[in-house]
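Novice: Residues per chain, in single letters:
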Amino acid sequence: MSCANPLDAMLLTDYWLGALAPDDEMRVEEHFLGCADCSAALEGVAALAAGIRKLAGEASLTMIVSQEFLRRAADKGMRIREYPVAPGGSVQCTVTPEDDFLIGRLAADLRGASRVDLSICDEHGIELARLADIPFDAGSDSVMWQQSITYAKAAASGSMVARLLAVQESVRERVLGEYTFIHTRTMPGPK
Amino acid sequence: MEILNDADLVSRIASKGDIQAEAELCRRMGHRIRLYGLKHLRNTEAADDLMQQVLLTMIEALRAGKLRDPEKLASFVLGTCRMTVLDTRRNAQRREKLLGEFGLQSLRPVALTMPDLDEQRLAGCVQSLKERERTVVILTFYDEQSGADVGRFLGVTEANVRVIRHRAVRQLRGCMGAVA
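Chains E and X, in that order, give the protein sequences.
Using this note's numbering, the first residue of the first sequence is number 35, and each one after it goes up by one.
Using this note's numbering, the first residue of the second sequence is number 16, and each one after it goes up by one.
No wet-lab data here; the hints were simulated from the structure.
These figures come from a predicted structure and were not determined experimentally.
Among the clues, some could well be false.
[As the list claims (entries may be wrong)] Okay, derived cross-link-like pairs now, DSS-like style, lysine-lysine, Cα gap no bigger than 27 Å in a straight line: (1) Lys87(X) / Lys31(X); (2) Lys88(E) / Lys31(X); (3) Lys81(X) / Lys31(X); (4) Lys145(X) / Lys187(E); (5) Lys187(E) / Lys110(E); (6) Lys110(E) / Lys112(X); (7) Lys110(E) / Lys88(E); (8) Lys187(E) / Lys88(E).
[As the list claims (entries may be wrong)] Beyond 12 Å from chain E on every Cβ pair, some chain X residues (computed): (9) Ser30; (10) Gly32; (11) Gln67; (12) Gln68; (13) Glu75; (14) Ala79; (15) Lys81; (16) Thr103; (17) Arg110; (18) Glu116; (19) Asp133; (20) Val141; (21) Glu159; (22) Asp164.
In this text, a Cβ means the ideal position worked out from N, Cα and C, and glycines have one as well.
Kindly generate the complete structure, drawing on both the sequences and the hints.
Specialist: What follows is the structure in structure tokens.
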């Protein structure tokens, strides 16, 4: 009993996210309610969605988030530890077992930038990782960098430098801001 | 039991009162109705309640021979699902009001849980996405932000958000071993 007209996985994803028009939504529902193959495919979409929700809720990803994201997380009762840093500035930071999200608010003048990279460096300024072409709001005065809370809770005391770079083709990178985080471990763990 | 399609099962229930056919149809439809419930109610307990209610209504109608065209089972079930969800929401609104009045936070339902996934692999797959794709995926699935809201943050149109989301989900499915 295989489906002769299987629903596309992207259509099922849009359905699960509530992104379809009412008529299209009804067509999808009428189809999968009568179809073993497509209901199994929808279950796969639902499982992926649930996995992403759990992953994001654990805040173990290193990524850029929006102010709205943080507002909603706070509304859900999440505890957000946030460190605002000015360009050229440094901040003493730590993380506790009760913290759910760890955010560096990197102040920068983003006007005119078409592409921005976030370079993560060691204390000597040597690049360890780069988040290329990060999402940012050009009208905003900062970038919200989420550091993995899992990593931060296990990290030993030490310093880390973050750089926001405006990148343009055939032009050298322009530093929008350099930010130093001096982390002091307050939780037990390996040295 | 030989492998019958849904319409064959409906006919057997209506004409012969076949208990085995009822059990098989409930097994198949229960799974699908639960998915419908999870999508619309975002709560496993409410989805289970919906499934039970709709299956009862379905079997009652089939036994009474009320479904004249067995091929219309999916339409009938969808209509029943919609009505039951509407009732559930009305009751939920009333319950929310009472919870607010009496402050009984402990009675609130637990969050949605789904079948297990290889979480470590998924974390690697999500982290391997491009920055904008990862942000779109997280804001959409975790935060349930609309395409318009995500687009405002990224400075792109809602249609572009949809394109980025599709590309990201296709990559994630491939990374997780599903056929894209």
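Novice: For each hint, tell me whether it holds in the structure or not.
Specialist: Each hint, compared with the structure:
1. For the hint pairing Lys87(X) with Lys31(X), the CA-to-CA distance comes to about 19 Å; that is within 27 Å, so the pair holds.
2. Annotation: proposed proximity of Lys88(E) to Lys31(X) is violated, straight-line Cα distance about 47 Å (limit 27 Å).
3. Between Lys81(X) and Lys31(X), the direct Cα distance comes to roughly 14 Å. Compliance with the 27 Å bound is thereby established for this hinted pair.
4. Between Lys145(X) and Lys187(E), the direct Cα distance comes to roughly 25 Å. Compliance with the 27 Å bound is thereby established for this hinted pair.
5. For the proposed pair Lys187(E) and Lys110(E), the alpha carbon gap of about 21 Å is at most 27 Å, so the pair holds.
6. A hinted pair counts as satisfied when its Cα atoms are at most 27 Å apart, and Lys110(E) with Lys112(X) qualifies at roughly 19 Å.
7. Note on Lys110(E) and Lys88(E): the hinted pairing holds, with a Cα-Cα distance of about 14 Å set against a maximum of 27 Å.
8. Under the criterion of a C-alpha separation no larger than 27 Å, the hint pairing Lys187(E) with Lys88(E) is consistent with the structure, at around 18 Å.
9. Distance to chain E confirms Ser30(X) as a non-interface residue, since its nearest Cβ pair spans about 20 Å, more than 12 Å.
10. Distance check for Gly32(X) against chain E: the nearest CB is about 23 Å away, which clears 12 Å, and the non-interface claim stands.
11. Under the 12 Å C-beta cut-off, the non-interface status given to Gln67(X) relative to chain E holds; the minimum distance is some 16 Å.
12. Separation of Gln68(X) from chain E is adequate, the least Cβ-Cβ distance of about 15 Å exceeding the 12 Å criterion.
13. The beta carbon of Glu75(X) sits about 18 Å from the closest Cβ of chain E, which is more than 12 Å, so the claim that it is off the interface holds.
14. No beta-carbon of chain E is positioned within 12 Å of the beta-carbon of Ala79(X); the least distance is around 21 Å.
15. Distance check on Lys81(X): its Cβ is at least 18 Å (rounded) from any Cβ of chain E, clearing the 12 Å threshold; non-interface status holds.
16. Listed as outside the interface, Thr103(X) is consistent with that label: its C-beta sits roughly 16 Å from the nearest C-beta of chain E, beyond the 12 Å cut-off.
17. Consistency note on Arg110(X): stated as away from chain E, and its beta-carbon is indeed over 12 Å from all of that chain's, at 20 Å minimum.
18. The claim that Glu116(X) lies off the interface holds: its Cβ sits roughly 21 Å from the closest Cβ of chain E, which is beyond the 12 Å cut-off.
19. Distance to chain E contradicts Asp133(X) as a non-interface residue, since its nearest Cβ pair spans about 9 Å, not more than 12 Å.
20. A beta-carbon of chain E is positioned within 12 Å of the beta-carbon of Val141(X); the least distance is around 6 Å.
21. Consistency note on Glu159(X): stated as away from chain E, yet its beta-carbon is not over 12 Å from all of that chain's, at 8 Å minimum.
22. Separation of Asp164(X) from chain E is inadequate, the least Cβ-Cβ distance of about 7 Å not exceeding the 12 Å criterion.
In summary, the numbered hints that this structure violates are 2, 19, 20, 21, 22.
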